[in-house]
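Chemist: Sequence:
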Amino acid sequence: MRTNRRPAFLALTAAGLLWGTTVPLSRLALDWLPPAWLAFVRFALAAVVLLPIARARMRPALRPSVLASGAIGYGGSVMLQNAGIARTSVSDAALLIGAVPVLVAVLAALWHRTVARPLAWAGFAISLAGVGLITGSHSGGATPGGDALVLASLVLSAAFTAAQVRLLPGRDPVAVTAVQFLGAALAALPVAAAAGGLPSAHAAAGPVLAVTGLVIGGTLAPFTLFAFGQSRVPAQVAGAFVNLEPLVGAVAGVALFGEPAGLAQLVGGAAILAGLGMSSLPGRGCSRGRVAADEADRCDQMGSQDEPVRARRPGRTSQPDRLLRPGSPGRSSAVPSAGGSRWTRPVPAGR
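Residue 4 is where the sequence shown starts when you use our numbering, and the numbers rise one by one after that.
Honestly, the hints are just simulated from the structure, not real lab data. A virtual CB, placed ideally from N, CA and C, is assigned to each residue, including glycine. Possibly wrong hints are sitting among the right ones.
[Claimed, not checked] Just the calculated beta-carbon pair ranges, DEER-fashion:
(1) S68 / G200: 30 to 38 Å
(2) A125 / L201: 46 to 54 Å
(3) P63 / T146: 30 to 38 Å
(4) G135 / G220: 25 to 33 Å
(5) G261 / A208: 17 to 25 Å
(6) T146 / A204: 25 to 33 Å
(7) R62 / V109: 17 to 25 Å
Let the sequences and hints guide you as you build the complete structure.
Modeler: Below you can see the structure in the form of C-alpha coordinates.
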(Lines of atoms letter the chains of each structure in order from A and count residues from 1; the text may use other names and numbers.)
(Lines give C-alpha, C1' and ligand atoms only; values in the text may rest on other atoms or scores of the structure.)
Protein backbone atom coordinates (compact mmCIF):
# COMPACT_ATOMS: atom_id res chain seq x y z
CA MET A 1 0.00 0.00 0.00
CA ARG A 2 1.40 3.37 -1.02
CA THR A 3 1.41 5.98 1.69
CA ASN A 4 0.30 9.57 1.17
CA ARG A 5 3.22 11.66 2.35
CA ARG A 6 1.96 14.97 1.01
CA PRO A 7 0.72 16.37 4.36
CA ALA A 8 4.02 15.42 6.02
CA PHE A 9 6.07 16.97 3.21
CA LEU A 10 4.01 20.16 3.30
CA ALA A 11 4.47 20.42 7.07
CA LEU A 12 8.21 19.78 6.83
CA THR A 13 8.58 22.31 4.01
CA ALA A 14 6.76 24.99 6.00
CA ALA A 15 8.90 24.19 9.05
CA GLY A 16 12.11 24.52 7.02
CA LEU A 17 11.06 27.86 5.54
CA LEU A 18 10.05 29.26 8.92
CA TRP A 19 13.25 28.02 10.54
CA GLY A 20 15.12 29.96 7.90
CA THR A 21 14.05 33.16 9.64
CA THR A 22 15.51 32.17 13.02
CA VAL A 23 19.15 33.11 12.36
CA PRO A 24 18.48 36.67 11.13
CA LEU A 25 15.81 37.18 13.81
CA SER A 26 18.19 35.87 16.46
CA ARG A 27 20.90 38.26 15.32
CA LEU A 28 18.46 41.16 15.74
CA ALA A 29 17.15 39.87 19.08
CA LEU A 30 20.70 39.47 20.46
CA ASP A 31 20.98 43.26 20.44
CA TRP A 32 18.64 43.09 23.45
CA LEU A 33 18.94 39.66 25.09
CA PRO A 34 22.11 37.59 25.75
CA PRO A 35 22.20 34.09 24.15
CA ALA A 36 20.89 32.11 27.15
CA TRP A 37 18.21 34.65 28.03
CA LEU A 38 17.06 34.68 24.42
CA ALA A 39 16.70 30.88 24.47
CA PHE A 40 14.78 31.03 27.75
CA VAL A 41 12.35 33.75 26.61
CA ARG A 42 11.84 32.04 23.26
CA PHE A 43 10.93 28.63 24.67
CA ALA A 44 9.18 29.81 27.84
CA LEU A 45 6.73 31.95 25.90
CA ALA A 46 6.21 29.20 23.33
CA ALA A 47 5.50 26.69 26.12
CA VAL A 48 3.00 29.07 27.76
CA VAL A 49 1.08 29.21 24.48
CA LEU A 50 1.31 25.54 23.50
CA LEU A 51 0.80 23.74 26.82
CA PRO A 52 -2.87 24.81 27.24
CA ILE A 53 -3.60 23.86 23.63
CA ALA A 54 -2.30 20.33 24.14
CA ARG A 55 -3.45 19.79 27.73
CA ALA A 56 -6.11 17.23 26.79
CA ARG A 57 -3.42 15.02 25.20
CA MET A 58 -0.61 15.86 27.61
CA ARG A 59 -0.42 12.82 29.92
CA PRO A 60 1.55 10.44 27.63
CA ALA A 61 4.04 13.24 26.86
CA LEU A 62 4.72 14.21 30.49
CA ARG A 63 7.75 11.99 30.89
CA PRO A 64 11.29 12.77 32.12
CA SER A 65 12.70 11.51 28.82
CA VAL A 66 10.62 14.03 26.86
CA LEU A 67 11.63 16.89 29.18
CA ALA A 68 15.29 15.87 28.93
CA SER A 69 15.13 15.70 25.15
CA GLY A 70 13.76 19.24 25.02
CA ALA A 71 16.37 20.48 27.50
CA ILE A 72 19.24 19.13 25.41
CA GLY A 73 17.87 19.07 21.88
CA TYR A 74 16.13 22.45 21.97
CA GLY A 75 17.56 24.35 24.93
CA GLY A 76 21.17 23.23 24.63
CA SER A 77 21.41 23.48 20.86
CA VAL A 78 19.73 26.89 20.66
CA MET A 79 21.89 28.37 23.44
CA LEU A 80 25.01 27.25 21.57
CA GLN A 81 23.57 28.48 18.28
CA ASN A 82 22.77 31.89 19.75
CA ALA A 83 26.31 32.20 21.11
CA GLY A 84 27.67 31.31 17.68
CA ILE A 85 25.37 33.70 15.81
CA ALA A 86 26.62 36.55 18.01
CA ARG A 87 30.17 35.80 16.84
CA THR A 88 29.78 35.03 13.14
CA SER A 89 27.91 36.19 10.06
CA VAL A 90 24.22 35.51 9.45
CA SER A 91 24.91 33.76 6.13
CA ASP A 92 27.66 31.56 7.57
CA ALA A 93 25.54 30.49 10.55
CA ALA A 94 22.54 29.78 8.33
CA LEU A 95 24.48 27.85 5.72
CA LEU A 96 26.32 25.67 8.22
CA ILE A 97 22.91 24.25 9.14
CA GLY A 98 22.96 22.47 5.79
CA ALA A 99 25.16 19.83 7.43
CA VAL A 100 22.31 18.67 9.68
CA PRO A 101 20.60 16.27 7.20
CA VAL A 102 23.84 14.34 6.65
CA LEU A 103 24.44 14.14 10.41
CA VAL A 104 20.86 12.95 10.94
CA ALA A 105 21.20 10.27 8.26
CA VAL A 106 24.46 8.98 9.76
CA LEU A 107 23.06 8.94 13.30
CA ALA A 108 19.86 7.25 12.13
CA ALA A 109 21.93 4.55 10.44
CA LEU A 110 24.00 4.00 13.60
CA TRP A 111 21.26 4.21 16.22
CA HIS A 112 18.22 2.78 14.46
CA ARG A 113 19.96 0.56 11.90
CA THR A 114 18.20 2.33 9.08
CA VAL A 115 19.89 2.82 5.74
CA ALA A 116 18.91 5.62 3.41
CA ARG A 117 18.49 4.82 -0.27
CA PRO A 118 21.46 5.59 -2.58
CA LEU A 119 19.44 8.38 -4.21
CA ALA A 120 18.84 9.95 -0.80
CA TRP A 121 22.54 9.79 0.07
CA ALA A 122 23.34 11.40 -3.27
CA GLY A 123 20.87 14.16 -2.42
CA PHE A 124 22.52 14.68 0.97
CA ALA A 125 25.92 14.96 -0.73
CA ILE A 126 24.67 17.45 -3.32
CA SER A 127 23.05 19.60 -0.65
CA LEU A 128 26.20 19.55 1.45
CA ALA A 129 28.27 20.47 -1.59
CA GLY A 130 25.97 23.43 -2.18
CA VAL A 131 26.43 24.53 1.42
CA GLY A 132 30.19 24.23 1.08
CA LEU A 133 30.17 26.21 -2.15
CA ILE A 134 28.26 29.08 -0.58
CA THR A 135 30.18 29.06 2.69
CA GLY A 136 33.59 28.97 0.98
CA SER A 137 32.79 31.80 -1.41
CA HIS A 138 33.00 34.67 1.09
CA SER A 139 33.72 35.45 4.73
CA GLY A 140 31.01 38.05 5.49
CA GLY A 141 32.39 38.68 8.99
CA ALA A 142 32.45 35.02 10.03
CA THR A 143 34.85 33.87 12.76
CA PRO A 144 36.22 30.37 13.46
CA GLY A 145 35.00 30.51 17.06
CA GLY A 146 31.49 31.48 16.06
CA ASP A 147 31.35 28.80 13.39
CA ALA A 148 32.57 26.18 15.89
CA LEU A 149 29.76 27.06 18.31
CA VAL A 150 27.19 26.82 15.53
CA LEU A 151 28.58 23.44 14.46
CA ALA A 152 28.40 22.19 18.06
CA SER A 153 24.75 23.22 18.18
CA LEU A 154 24.13 21.31 14.95
CA VAL A 155 25.53 18.09 16.43
CA LEU A 156 23.04 18.34 19.30
CA SER A 157 20.22 19.20 16.90
CA ALA A 158 21.00 16.25 14.63
CA ALA A 159 21.17 13.86 17.57
CA PHE A 160 17.81 15.18 18.78
CA THR A 161 16.21 14.68 15.36
CA ALA A 162 17.52 11.11 15.10
CA ALA A 163 16.37 10.27 18.64
CA GLN A 164 12.93 11.86 18.25
CA VAL A 165 11.52 8.80 16.49
CA ARG A 166 11.61 6.91 19.79
CA LEU A 167 9.63 9.58 21.63
CA LEU A 168 6.78 10.23 19.20
CA PRO A 169 5.08 6.80 18.91
CA GLY A 170 1.81 6.74 20.85
CA ARG A 171 2.06 10.42 21.77
CA ASP A 172 0.53 13.53 20.27
CA PRO A 173 3.29 15.50 18.48
CA VAL A 174 1.91 18.85 19.67
CA ALA A 175 1.92 17.68 23.29
CA VAL A 176 5.45 16.31 22.91
CA THR A 177 6.61 19.63 21.46
CA ALA A 178 4.96 21.58 24.29
CA VAL A 179 6.70 19.48 26.96
CA GLN A 180 10.01 19.80 25.11
CA PHE A 181 9.61 23.59 25.02
CA LEU A 182 9.12 23.48 28.79
CA GLY A 183 12.26 21.37 29.18
CA ALA A 184 14.23 23.82 27.02
CA ALA A 185 13.09 26.79 29.10
CA LEU A 186 13.95 25.02 32.37
CA ALA A 187 17.41 24.20 31.05
CA ALA A 188 18.10 27.72 29.77
CA LEU A 189 16.99 29.58 32.93
CA PRO A 190 19.84 28.58 35.28
CA VAL A 191 22.41 29.14 32.53
CA ALA A 192 20.99 32.60 31.86
CA ALA A 193 20.92 33.46 35.56
CA ALA A 194 24.52 32.33 36.03
CA ALA A 195 25.73 34.27 33.00
CA GLY A 196 24.31 37.60 34.19
CA GLY A 197 21.42 39.43 35.74
CA LEU A 198 18.02 40.09 34.30
CA PRO A 199 18.08 41.84 30.92
CA SER A 200 16.81 45.39 30.59
CA ALA A 201 13.04 45.72 30.43
CA HIS A 202 13.36 48.53 27.90
CA ALA A 203 14.46 47.85 24.36
CA ALA A 204 14.09 49.24 20.88
CA ALA A 205 11.14 48.13 18.80
CA GLY A 206 13.27 46.10 16.38
CA PRO A 207 14.70 43.56 18.88
CA VAL A 208 11.31 43.20 20.61
CA LEU A 209 9.63 42.42 17.30
CA ALA A 210 12.44 39.99 16.47
CA VAL A 211 11.84 38.11 19.75
CA THR A 212 8.12 37.99 18.98
CA GLY A 213 8.85 36.62 15.54
CA LEU A 214 11.17 34.00 17.02
CA VAL A 215 8.50 32.82 19.46
CA ILE A 216 5.71 32.55 16.90
CA GLY A 217 7.26 32.08 13.47
CA GLY A 218 10.56 30.56 14.53
CA THR A 219 9.48 28.30 17.40
CA LEU A 220 5.78 27.57 17.85
CA ALA A 221 4.89 26.99 14.22
CA PRO A 222 7.98 25.23 12.79
CA PHE A 223 8.74 22.92 15.72
CA THR A 224 5.12 21.77 15.84
CA LEU A 225 4.98 21.30 12.07
CA PHE A 226 8.25 19.41 12.11
CA ALA A 227 7.07 17.06 14.87
CA PHE A 228 3.91 16.40 12.85
CA GLY A 229 5.90 15.68 9.70
CA GLN A 230 8.52 13.57 11.44
CA SER A 231 5.81 11.38 12.96
CA ARG A 232 4.98 10.25 9.41
CA VAL A 233 8.35 9.91 7.64
CA PRO A 234 11.76 8.45 8.57
CA ALA A 235 14.24 10.63 10.47
CA GLN A 236 16.65 10.95 7.55
CA VAL A 237 13.86 12.17 5.25
CA ALA A 238 12.60 14.70 7.79
CA GLY A 239 16.13 15.93 8.40
CA ALA A 240 16.57 16.70 4.69
CA PHE A 241 14.01 19.50 4.94
CA VAL A 242 16.29 21.37 7.32
CA ASN A 243 18.23 22.30 4.15
CA LEU A 244 15.55 24.90 3.45
CA GLU A 245 16.72 26.80 6.53
CA PRO A 246 20.21 27.72 5.23
CA LEU A 247 18.76 28.77 1.90
CA VAL A 248 16.28 31.18 3.49
CA GLY A 249 18.87 32.37 6.00
CA ALA A 250 21.40 33.10 3.28
CA VAL A 251 18.85 35.15 1.32
CA ALA A 252 18.01 37.08 4.49
CA GLY A 253 21.69 37.69 5.18
CA VAL A 254 22.11 39.22 1.74
CA ALA A 255 18.87 41.21 1.71
CA LEU A 256 18.79 42.44 5.32
CA PHE A 257 22.41 42.52 6.43
CA GLY A 258 24.16 43.44 3.17
CA GLU A 259 26.33 40.34 3.08
CA PRO A 260 27.90 39.48 -0.28
CA ALA A 261 26.13 37.36 -2.90
CA GLY A 262 27.07 36.12 -6.33
CA LEU A 263 27.08 33.20 -8.72
CA ALA A 264 28.38 30.83 -6.06
CA GLN A 265 25.41 31.63 -3.82
CA LEU A 266 22.94 31.03 -6.65
CA VAL A 267 24.52 27.73 -7.70
CA GLY A 268 24.83 26.59 -4.10
CA GLY A 269 21.18 27.43 -3.39
CA ALA A 270 20.09 25.47 -6.44
CA ALA A 271 22.17 22.50 -5.24
CA ILE A 272 20.50 22.64 -1.82
CA LEU A 273 17.05 22.50 -3.38
CA ALA A 274 18.05 19.75 -5.83
CA GLY A 275 19.50 17.64 -3.05
CA LEU A 276 16.37 18.14 -0.95
CA GLY A 277 14.21 16.92 -3.81
CA MET A 278 16.37 13.85 -4.40
CA SER A 279 16.44 12.86 -0.73
CA SER A 280 12.65 13.13 -0.34
CA LEU A 281 11.61 11.17 -3.43
CA PRO A 282 9.74 7.92 -2.60
CA GLY A 283 11.49 4.67 -3.45
CA ARG A 284 10.33 2.23 -6.07
CA GLY A 285 8.10 -0.70 -5.23
CA CYS A 286 9.69 -3.93 -4.09
CA SER A 287 10.67 -6.45 -6.68
CA ARG A 288 11.03 -10.08 -5.65
CA GLY A 289 13.86 -10.40 -8.12
CA ARG A 290 15.84 -7.75 -6.28
CA VAL A 291 15.19 -8.51 -2.61
CA ALA A 292 16.07 -11.41 -0.39
CA ALA A 293 13.51 -14.02 0.51
CA ASP A 294 13.33 -12.83 4.10
CA GLU A 295 12.26 -9.40 2.82
CA ALA A 296 9.41 -10.72 0.67
CA ASP A 297 6.79 -10.58 3.40
CA ARG A 298 7.81 -7.04 4.25
CA CYS A 299 7.33 -6.01 0.63
CA ASP A 300 3.89 -7.60 0.54
CA GLN A 301 2.79 -5.75 3.65
CA MET A 302 4.29 -2.36 2.84
CA GLY A 303 4.46 -2.23 -0.94
CA SER A 304 7.37 0.20 -0.84
CA GLN A 305 11.09 -0.38 -0.54
CA ASP A 306 11.80 3.01 1.01
CA GLU A 307 10.23 2.22 4.42
CA PRO A 308 13.11 1.94 6.93
CA VAL A 309 13.47 -1.17 9.04
CA ARG A 310 16.01 -2.19 11.60
CA ALA A 311 18.84 -4.26 10.25
CA ARG A 312 18.83 -7.89 11.27
CA ARG A 313 20.84 -8.64 14.35
CA PRO A 314 23.19 -11.61 14.08
CA GLY A 315 21.73 -14.77 15.53
CA ARG A 316 18.19 -13.40 15.79
CA THR A 317 15.92 -14.65 13.05
CA SER A 318 12.59 -15.11 14.75
CA GLN A 319 12.22 -11.86 16.72
CA PRO A 320 9.97 -9.45 14.86
CA ASP A 321 11.51 -6.06 14.23
CA ARG A 322 9.76 -2.78 14.92
CA LEU A 323 9.28 -0.44 12.03
CA LEU A 324 10.74 2.98 12.69
CA ARG A 325 7.52 4.78 11.99
CA PRO A 326 5.80 6.57 14.88
CA GLY A 327 2.21 5.65 15.52
CA SER A 328 -0.74 7.98 15.67
CA PRO A 329 -2.12 8.80 19.13
CA GLY A 330 -4.66 6.30 20.39
CA ARG A 331 -4.10 3.84 17.54
CA SER A 332 -2.81 0.34 18.21
CA SER A 333 -3.58 -1.36 14.92
CA ALA A 334 -0.98 -3.56 13.29
CA VAL A 335 -2.01 -2.42 9.82
CA PRO A 336 -1.54 0.96 8.15
CA SER A 337 -4.17 3.58 8.84
CA ALA A 338 -6.15 4.98 5.94
CA GLY A 339 -4.20 8.24 6.13
CA GLY A 340 -0.72 6.76 6.15
CA SER A 341 1.63 3.95 7.02
CA ARG A 342 2.01 4.59 10.76
CA TRP A 343 2.76 1.49 12.81
CA THR A 344 2.39 1.27 16.53
CA ARG A 345 3.47 -2.24 17.49
CA PRO A 346 5.95 -4.84 16.22
CA VAL A 347 5.08 -6.21 12.82
CA PRO A 348 6.46 -9.57 11.71
CA ALA A 349 8.89 -9.10 8.83
CA GLY A 350 9.50 -12.72 7.92
CA ARG A 351 12.52 -13.04 10.25
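Chemist: So which hints don't hold here, by number, going up?
Modeler: Numbers 3, 7 - these are the hints that the structure violates, sorted from lowest upward.
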